[in-house]
Amino acid sequence: MSDFIALWPQSASAYSGRIDLLMWVFTALVVALSAPVFILIAYYAWKYRAGRKADRSDRVNRNTLLEISWALIPFILIVILFVWSTRMFFTVHQPPPDAMEINVVAKQWMWKFEHAGGQREIDELHVPVGEPVRLSMASQDVIHSLYIPALRLKQDVVPGRYTSLWFTADKPGTYHLTCAEFCGADHSEMTGRFIVMEKPAFAAWLEQAGTDASLAAEGEKLFRSNGCSGCHGPAATVKAPDLEGLYGSPVPLADGSMVTADDQYIRDSILLPQSEIAAGYPPIMPTFKNVLSEDEVMKLVAYIKSLATTEDTP
Amino acid sequence: MTANPPSYLNAGHTIRSWLLTTDHKRIAVLYLVSVTFFFLVGGAAAGLVRADLLTPEGDLLTNEGYNRAFTLHGVIMVWFFLIPSIPNVFGNFLIPLMIGARDLAFPRLNLLSWYIYILGGLFTLIVLLVGGVDTGWTFYTPLSSMFSNGNVVLVAAAVFIVGFSSILTGLNFIVTIHRLRAPGMGWGRMPLFVWSHYATSIILVLATPVLSITLVLIAAERLFGLGIFDPSLGGDPLLFQHLFWFYSHPAVYIMVLPALGVISELVAAAARKPVFGYSFVAGSSIAIAIIGFFVWGHHMFVSGQSMYASAVFSFLSLAVAVPSGIKVYNWTATLYKGNILLDPPFLFAMSFIGLFVVGGLTGLALAMLSIDVHVHDTYFVVAHFHYIMVGGTISAYFGALHFWWPKMFGRMYPLTWGRITAATIFFGFNLTFFPQFILGFLGMPRRYHVYAPEFQTLHVLSSAGSTLLGLAYLLPFVYLGYSLVAGKRASANPWGATGLEWTVPSPPPKHNFVEIPTVTGRPYDYPVDKEDRR
Ligand code: HEM
Ligand SMILES: [Cu+2]
Numbered sequence: 001m002s003d004f005i006a007l008w009p010q011s012a013s014a015y016s017g018r019i020d021l022l023m024w025v026f027t028a029l030v031v032a033l034s035a036p037v038f039i040l041i042a043y044y045a046w047k048y049r050a051g052r053k054a055d056r057s058d059r060v061n062r063n064t065l066l067e068i069s070w071a072l073i074p075f076i077l078i079v080i081l082f083v084w085s086t087r088m089f090f091t092v093h094q095p096p097p098d099a100m101e102i103n104v105v106a107k108q109w110m111w112k113f114e115h116a117g118g119q120r121e122i123d124e125l126h127v128p129v130g131e132p133v134r135l136s137m138a139s140q141d142v143i144h145s146l147y148i149p150a151l152r153l154k155q156d157v158v159p160g161r162y163t164s165l166w167f168t169a170d171k172p173g174t175y176h177l178t179c180a181e182f183c184g185a186d187h188s189e190m191t192g193r194f195i196v197m198e199k200p201a202f203a204a205w206l207e208q209a210g211t212d213a214s215l216a217a218e219g220e221k222l223f224r225s226n227g228c229s230g231c232h233g234p235a236a237t238v239k240a241p242d243l244e245g246l247y248g249s250p251v252p253l254a255d256g257s258m259v260t261a262d263d264q265y266i267r268d269s270i271l272l273p274q275s276e277i278a279a280g281y282p283p284i285m286p287t288f289k290n291v292l293s294e295d296e297v298m299k300l301v302a303y304i305k306s307l308a309t310t311e312d313t314p
Numbered sequence: 001m002t003a004n005p006p007s008y009l010n011a012g013h014t015i016r017s018w019l020l021t022t023d024h025k026r027i028a029v030l031y032l033v034s035v036t037f038f039f040l041v042g043g044a045a046a047g048l049v050r051a052d053l054l055t056p057e058g059d060l061l062t063n064e065g066y067n068r069a070f071t072l073h074g075v076i077m078v079w080f081f082l083i084p085s086i087p088n089v090f091g092n093f094l095i096p097l098m099i100g101a102r103d104l105a106f107p108r109l110n111l112l113s114w115y116i117y118i119l120g121g122l123f124t125l126i127v128l129l130v131g132g133v134d135t136g137w138t139f140y141t142p143l144s145s146m147f148s149n150g151n152v153v154l155v156a157a158a159v160f161i162v163g164f165s166s167i168l169t170g171l172n173f174i175v176t177i178h179r180l181r182a183p184g185m186g187w188g189r190m191p192l193f194v195w196s197h198y199a200t201s202i203i204l205v206l207a208t209p210v211l212s213i214t215l216v217l218i219a220a221e222r223l224f225g226l227g228i229f230d231p232s233l234g235g236d237p238l239l240f241q242h243l244f245w246f247y248s249h250p251a252v253y254i255m256v257l258p259a260l261g262v263i264s265e266l267v268a269a270a271a272r273k274p275v276f277g278y279s280f281v282a283g284s285s286i287a288i289a290i291i292g293f294f295v296w297g298h299h300m301f302v303s304g305q306s307m308y309a310s311a312v313f314s315f316l317s318l319a320v321a322v323p324s325g326i327k328v329y330n331w332t333a334t335l336y337k338g339n340i341l342l343d344p345p346f347l348f349a350m351s352f353i354g355l356f357v358v359g360g361l362t363g364l365a366l367a368m369l370s371i372d373v374h375v376h377d378t379y380f381v382v383a384h385f386h387y388i389m390v391g392g393t394i395s396a397y398f399g400a401l402h403f404w405w406p407k408m409f410g411r412m413y414p415l416t417w418g419r420i421t422a423a424t425i426f427f428g429f430n431l432t433f434f435p436q437f438i439l440g441f442l443g444m445p446r447r448y449h450v451y452a453p454e455f456q457t458l459h460v461l462s463s464a465g466s467t468l469l470g471l472a473y474l475l476p477f478v479y480l481g482y483s484l485v486a487g488k489r490a491s492a493n494p495w496g497a498t499g500l501e502w503t504v505p506s507p508p509p510k511h512n513f514v515e516i517p518t519v520t521g522r523p524y525d526y527p528v529d530k531e532d533r534r
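Line by line, the protein sequences are chains Z and X.
Heads up: the first sequence begins at 1 in the UniProt record's numbering, then just goes up one per residue.
Heads up: the second sequence begins at 1 in the UniProt record's numbering, then just goes up one per residue.
In short, the hints are calculated from the structure, not lab data.
The reader is advised that the hints may include incorrect statements.
Straight-line Cα separation of at most 25 Å, DMTMM-like style, residue types lysine to aspartate or glutamate; simulated pairs [to be verified]:
| # | chain 1 | residue 1 | chain 2 | residue 2 |
| --- | --- | --- | --- | --- |
| 1 | Z | K107 | X | E64 |
| 2 | Z | K112 | Z | D58 |
| 3 | Z | K171 | X | E454 |
| 4 | Z | K107 | X | D525 |
| 5 | Z | K112 | Z | D212 |
| 6 | Z | K112 | X | D525 |
| 7 | X | K337 | Z | D268 |
| 8 | X | K337 | Z | D55 |
| 9 | Z | K53 | X | D525 |
| 10 | Z | K239 | Z | D268 |
| 11 | Z | K112 | X | D236 |
| 12 | Z | K47 | X | D525 |
| 13 | Z | K107 | X | D236 |
| 14 | Z | K289 | X | E454 |
| 15 | X | K337 | Z | E67 |
Away from chain X, derived, C-beta distances all over 12 Å, residues of chain Z [unchecked claim]:
| # | residue |
| --- | --- |
| 16 | D98 |
| 17 | A99 |
| 18 | P149 |
| 19 | D170 |
| 20 | D186 |
| 21 | W205 |
| 22 | A213 |
| 23 | K221 |
| 24 | G230 |
| 25 | K239 |
| 26 | L246 |
| 27 | P252 |
| 28 | I284 |
Think of the CB as a built atom: it goes at the ideal place given N, C-alpha and C, for glycine as much as any other residue.
Only chain Z is shown next, with the shape it has when bound in the complex (with noise of 0.2 Å):
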């Protein structure tokens, strides 16, 4: 397409295909729609305009059968296209088991990602061409929404939760990120580059970002050096909830309902603990809301995590 004026946006995944497939047909449908309408009220504003000798004997004023197919034929157009779109809606909130875990924090005006080896970056975002990656994401202030065209896709980043979004991008290249929910003064400068890398390469390029840590590794220095360890860990007096295979896990409340021990419920444990209390344990624990930031909890999340993992697998 000629740099002077572009017309399609570029696409990095089979899903953005899909997509503009979707739109072809949705265009055509606005044109079928549509066209009647131009085309008879100039022909109409012509042909009976007035002065014009024009037959306008038997004029009718309803034809109730008419009216009731203008309102059903759209109708059953629309409701085949609400449900091909609605089925890739679900398709993309669905991420896959085994997808690569990216952690993303928002903030006036930056995007931070940080991998599970621990490598972060800020406005760029590399990733591996043909693997299902999994973008876990927090705000550190107001709302932010991460935009990637290329992959037709946007999620909100909203603060005091986490949202998600995957994707598999299979076209090797570097793209536009932008944040697309206005965030206040130099919301327009909150852009950065998507970088898709084939997968030797991006293994070179995780070498060479490496840092001593992994993710989880950091995660359970913050648990020591926080104190988390001393409730929880083997040798705590306090009566704690064990957190070895704790994630993924369903958890009984205090108040006889149940949780599933997800991404969400380790962060609000962690900085809203008296909302959700686990069955069986007094209240006490403390919340560290002003004393972690979101790359910490999100450290800390991954730790957790760890500790599931090494359960599953004997």
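Given the structure of chain Z, go ahead and fit chain X with the ligands onto it with the hints provided.
Below, chain X with the ligands without anything else, positioned relative to chain Z:
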């Protein structure tokens, strides 16, 4: 022939006789002057925004300045132009005339609504001029409640105030339509303009209080740190979005339903035929008003709300298109075998239909979940709602102005100039907003002051279109203003239209009808004829 009683324009010439009037027609003129003023202010801000976007770096304004400019534009256009324009100017002027009443049910309340509107408007202007707000007209939290350094509380107060004006006007219309219809005017004989205002008034009365409460909650959070919307205080940011859109989605129907009513009148009069399928068109206004309350979640598909909720909202949003489609097809059928007068009101109506169709159908794209994920909060959305609101509502507003101007002021304007204006607005509008669909699909987010250089060509086209559009909006000031002093006197019914408002002299006398008329036929009872009109 008895001599006509003096017109409402001559029933007193002092400023006081205008500012203390309880005549719905004079109040309509007061609104006409004031919404025109706000339209100019909002338009100037839009011009600033478009000029800034000529270059990718946005050399004209600072980041802050840009944010404040588009917020000013949005706040003024939504609350001080689009919502009040057609109901408060034309609804006020025409509803009593169309149903054969001497005034609205509560004339003094009507005057009070205008004062509240002016109070809210002046307040907003002062606040926006002494610094403004940088949150966008949607005031999303926690940006607005804890992070913004603009005058959020004061602007929220101003919008809160103007909300009361809407509520009072809505109540007044509902009671008037129920109680003051002339003998013989059953619900099935009401002009479609009145039907659409009835539907609009229901939304005004039910939805506006939700907005008012939401604004109070934001103010409470900012002033007292109550944890309602800010998660760091234990609140929920999505709660704000639910409350806000619960008002603001129906609000878009407040803007567009009156326009649909106007178009039904213009099309029938232009074609000299009854509106095809009167009862479907009347019923679809009510259907739109009701379904319009259940689609607010389509603004939140990527917010993190449950995907099942999203699916339901998507389905309902797609369903609203059906009654809107019915109207468009019915108007088209109305023209069939008509005797069509290609005068300015009809040209505006044609332009309305075209732009409304494009705006409505692109709304379908937004209502489809997986497409919305891509284009949400991009220029595609900006183009969509401008097609509906600027292309639609404002075309209808100008159509109404050109249709009822002779009735309101008793003077004709040069029709050729009206035709030129209608055509220029249509062309300028498409040049301004069509490129924005492409920009959005390419991935250009909205509310961006600095953008990637590859988007520049489309932005330049859009800015060029907006210049043309702006000039075309200014043209009527010249020839309508001219008509007031030198225009030909208008007869009681210059377009040969039906409707009670055309049975009284132009301009109408103070109390509308010397004797309350009795209605004996259905609306739009045009005889089949070929005689010349005007
Ligand atoms: C009839 C008059 C209409 C008006 C005045 C109107 C106005 C608007 C406005 C102002 C927005 C912008 C929201 C924002 O600030 O992000 C919007 C968005 C939207 N509209 Fe419309 N609209 C109308 C009709 C429709 C119809 C008929 C549909 C669907 C069939 C529709 C679907 C949508 C959707 C789904 C969005 C959300 C897009 C997004 O935020 O991503 N609209 N509309
Ligand atoms: Cu942001």
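Now the hints, each set against the structure:
1. Between the alpha carbons of Z:K107 and X:E64 the distance comes to roughly 18 Å, so the proposed pair stays at or under 25 Å and holds.
2. At roughly 71 Å between alpha-carbon atoms, Z:K112 and Z:D58 are farther apart than 25 Å, so this suggested pair is violated.
3. Taking the CA atoms of Z:K171 and X:E454, the gap is near 21 Å; set against the 25 Å cutoff, the hint holds.
4. For the hint pairing Z:K107 with X:D525, the CA-to-CA distance comes to about 64 Å; that exceeds 25 Å, so the pair is violated.
5. A hinted pair counts as satisfied when its Cα atoms are at most 25 Å apart, and Z:K112 with Z:D212 qualifies at roughly 18 Å.
6. A hinted pair counts as satisfied when its Cα atoms are at most 25 Å apart, and Z:K112 with X:D525 does not qualify at roughly 68 Å.
7. At most 25 Å may separate the alpha-carbon atoms for a hinted pair to count; X:K337 and Z:D268 exceed this at roughly 68 Å.
8. Between X:K337 and Z:D55, the direct Cα distance comes to roughly 7 Å. Compliance with the 25 Å bound is thereby established for this hinted pair.
9. Only pairs whose Cα atoms come within 25 Å are accepted, and Z:K53 paired with X:D525 is accepted, the gap being roughly 22 Å.
10. Of the supplied pair hints, the one linking Z:K239 and Z:D268 holds, its CA atoms being roughly 19 Å apart against a limit of 25 Å.
11. Restraint check: the Cα-Cα separation between Z:K112 and X:D236 comes to about 23 Å, which is no more than 25 Å; the hinted pair holds.
12. Distance hint between Z:K47 and X:D525 is fulfilled; the C-alpha atoms sit about 22 Å from each other, no more than 25 Å.
13. Proximity of Z:K107 to X:D236 is assessed by CA-CA distance (about 18 Å); at most 25 Å being required, the pair is judged to hold.
14. Of the pairs offered as hints, the one joining Z:K289 and X:E454 is violated, with about 43 Å between alpha carbons and a cut-off of 25 Å exceeded.
15. Simply put, X:K337 and Z:E67 have alpha-carbon atoms about 18 Å apart, close enough for the 25 Å limit, and the pair holds.
16. No beta-carbon of chain X is positioned within 12 Å of the beta-carbon of Z:D98; the least distance is around 21 Å.
17. With 12 Å as the threshold on Cβ separation, the claim that Z:A99 sits away from chain X holds: the shortest Cβ distance comes to roughly 17 Å.
18. Distance check for Z:P149 against chain X: the nearest CB is about 3 Å away, which does not clear 12 Å, and the non-interface claim fails.
19. With a least CB separation of 17 Å from chain X, Z:D170 remains clear of the 12 Å interface cut-off, as annotated.
20. Under the 12 Å C-beta cut-off, the non-interface status given to Z:D186 relative to chain X is violated; the minimum distance is some 6 Å.
21. With a cut of 12 Å on Cβ distances, Z:W205 stays outside the contact zone with chain X, its closest approach being about 24 Å.
22. For Z:A213, the condition that its CB be more than 12 Å from all CB atoms of chain X holds, with the nearest at approximately 29 Å.
23. The beta carbon of Z:K221 sits about 25 Å from the closest Cβ of chain X, which is more than 12 Å, so the claim that it is off the interface holds.
24. Annotated as non-interface, Z:G230 keeps its C-beta farther than 12 Å from every C-beta of chain X; the closest such distance is 26 Å.
25. At roughly 26 Å, the least C-beta separation between Z:K239 and chain X is larger than 12 Å, which holds for a residue marked as non-interface.
26. Distance to chain X confirms Z:L246 as a non-interface residue, since its nearest Cβ pair spans about 24 Å, more than 12 Å.
27. No beta-carbon of chain X comes within 12 Å of the beta-carbon of Z:P252; the shortest separation is about 23 Å.
28. Every beta carbon of chain X lies more than 12 Å from that of Z:I284, the smallest distance being close to 19 Å; the non-interface claim holds.
Consistency with the previously given hints fails for numbers 2, 4, 6, 7, 14, 18, 20, ordered from lowest to highest.
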